[in-house]
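J.: One line per chain: the protein sequences are A and B, in this order.
Residue numbering for the first sequence follows my numbering, starting at 18 and increasing by one per position.
Residue numbering for the second sequence follows my numbering, starting at 18 and increasing by one per position.
Treat each hint with caution, since some may be false.
Copies of the same chain look alike in the list, so a pair counts if it fits in one copy or across any two.
[Claimed, not checked] Capping the alpha-carbon separation at 30 angstroms, the derived lysine-lysine pairs in DSSO-like fashion look like this: (1) K84 - K25; (2) K84 - K22; (3) K118 - K193; (4) K196 - K33; (5) K193 - K146; (6) K193 - K145; (7) K93 - K29; (8) K176 - K29; (9) K118 - K145; (10) K22 - K121.
Hints were generated in silico from the structure; no laboratory data involved.
Just so we're clear, the structure is a prediction, and the values are computed from it rather than from any experiment.
Number of protein chains: 2
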Amino acid sequence: MSNFKILKSERKHNGKIFNLIVDEIEYASGNRAVHEVAEHPGGAVAVPVMDDGTLLLVRQYRYPIQKYILELPAGKLSPGEDPQLCAARELEEETGYSAEKLTKLTGIYTTPGFCTELLHIYLAEGLKKSPAGQQLEEGEWSLTLERVPFAKAVAMIEKGEIVDGKSICGILLAEKILKQ
Amino acid sequence: MSNFKILKSERKHNGKIFNLIVDEIEYASGNRAVHEVAEHPGGAVAVPVMDDGTLLLVRQYRYPIQKYILELPAGKLSPGEDPQLCAARELEEETGYSAEKLTKLTGIYTTPGFCTELLHIYLAEGLKKSPAGQQLEEGEWSLTLERVPFAKAVAMIEKGEIVDGKSICGILLAEKILKQ
Numbered sequence: 018m019s020n021f022k023i024l025k026s027e028r029k030h031n032g033k034i035f036n037l038i039v040d041e042i043e044y045a046s047g048n049r050a051v052h053e054v055a056e057h058p059g060g061a062v063a064v065p066v067m068d069d070g071t072l073l074l075v076r077q078y079r080y081p082i083q084k085y086i087l088e089l090p091a092g093k094l095s096p097g098e099d100p101q102l103c104a105a106r107e108l109e110e111e112t113g114y115s116a117e118k119l120t121k122l123t124g125i126y127t128t129p130g131f132c133t134e135l136l137h138i139y140l141a142e143g144l145k146k147s148p149a150g151q152q153l154e155e156g157e158w159s160l161t162l163e164r165v166p167f168a169k170a171v172a173m174i175e176k177g178e179i180v181d182g183k184s185i186c187g188i189l190l191a192e193k194i195l196k197q
Numbered sequence: 018m019s020n021f022k023i024l025k026s027e028r029k030h031n032g033k034i035f036n037l038i039v040d041e042i043e044y045a046s047g048n049r050a051v052h053e054v055a056e057h058p059g060g061a062v063a064v065p066v067m068d069d070g071t072l073l074l075v076r077q078y079r080y081p082i083q084k085y086i087l088e089l090p091a092g093k094l095s096p097g098e099d100p101q102l103c104a105a106r107e108l109e110e111e112t113g114y115s116a117e118k119l120t121k122l123t124g125i126y127t128t129p130g131f132c133t134e135l136l137h138i139y140l141a142e143g144l145k146k147s148p149a150g151q152q153l154e155e156g157e158w159s160l161t162l163e164r165v166p167f168a169k170a171v172a173m174i175e176k177g178e179i180v181d182g183k184s185i186c187g188i189l190l191a192e193k194i195l196k197q
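Between the sequences and the hints, there should be enough to build the whole structure, so can you do that?
T.: Written out as structure tokens, the structure reads:
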């Protein structure tokens, strides 16, 4: 399966979102290489489509890119958490809506070249305002809800106005299901 | 624009693929938080569609997830490199084909919550075998070329057989252009 062996594996940083592991490997040829791995717990994403066809999106400030961008509601898995429950929880916390029906669309590796992150994406339908309403954490200070007609969201992807990878995957996959 | 200030910014690791920066911030409330940022140079992706409608994909072993997965040809930007030239270069190196025409589809942030990576995605058409042929680096020892009819690649996304985020974005966006 592989033509290398691991010579050394070093945990360089234990973080809040990811850990950094640096492995030194040796190929069968004798040459050596280094692999950096961001160890991430994975997460879940909701594609929340209201009964009238409106998509619920969240706009938030993303610290690494220093921009506000429009995304699907999503979040990290808590240890041992079921991905579907995570999608339901993040949807409710970020939008104040709960879903009667969640349908798995797919799972995606966001950056398999250097990170373990796997995101589970669910179509969320039968949306109702939840009694608790939106419950944002302090880190989500910038988050605002935006209601966008589904076809407009697809057009925003084509025009480069939605640029978040997981959101593009989720919306374009949901479009296929909803058209059936 | 923001309700925080940076108290401390520490470069924890300078890597081959990304650097790790850990910032400590203070909100206007006085509460503090830590942001881990994977600083990545960005990259480019090609969606190579042959004249007969066949999509050229590459299957390769991805170290972080310990799996072989099917992806679009892609790679990191060299310092100062034009993204379109990067897409053309990576296409030729990984598949042995060059493109007469590259059309920008979009740019995606792969993981804007913790990484700066921006990937520029191009539809690649007018494909011809290049004189140099495939030129793999040692780190790409596992890479093999797979020719998949375009409609089959879309079906593989729907069935969860293509699970790489950038590849799902690129193929589903190209599908829209090609259908026009």
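J.: Hint by hint, note whether the structure agrees.
T.: To see whether the hints hold, each was checked on the structure:
1. K84 - K25: Intra 37 angstroms, inter 20 angstroms, cutoff 30 angstroms: inter-copy only.
2. K84 - K22: between (41 angstroms within a copy, 15 angstroms between copies)
3. K118 - K193: both (17 angstroms within a copy, 28 angstroms between copies)
4. K196 - K33: Result: close neither inside a copy nor across copies, 39 angstroms intra and 43 angstroms inter.
5. K193 - K146: within (26 angstroms within a copy, 34 angstroms between copies)
6. K193 - K145: within (23 angstroms within a copy, 32 angstroms between copies)
7. K93 - K29: Both. Shortest intra-copy (21 angstroms) and inter-copy (23 angstroms) distances satisfy the 30 angstroms Cα cut-off.
8. K176 - K29: neither (40 angstroms within a copy, 37 angstroms between copies)
9. K118 - K145: Close inside one copy (11 angstroms), not across copies (47 angstroms); limit 30 angstroms.
10. K22 - K121: neither (36 angstroms within a copy, 39 angstroms between copies)
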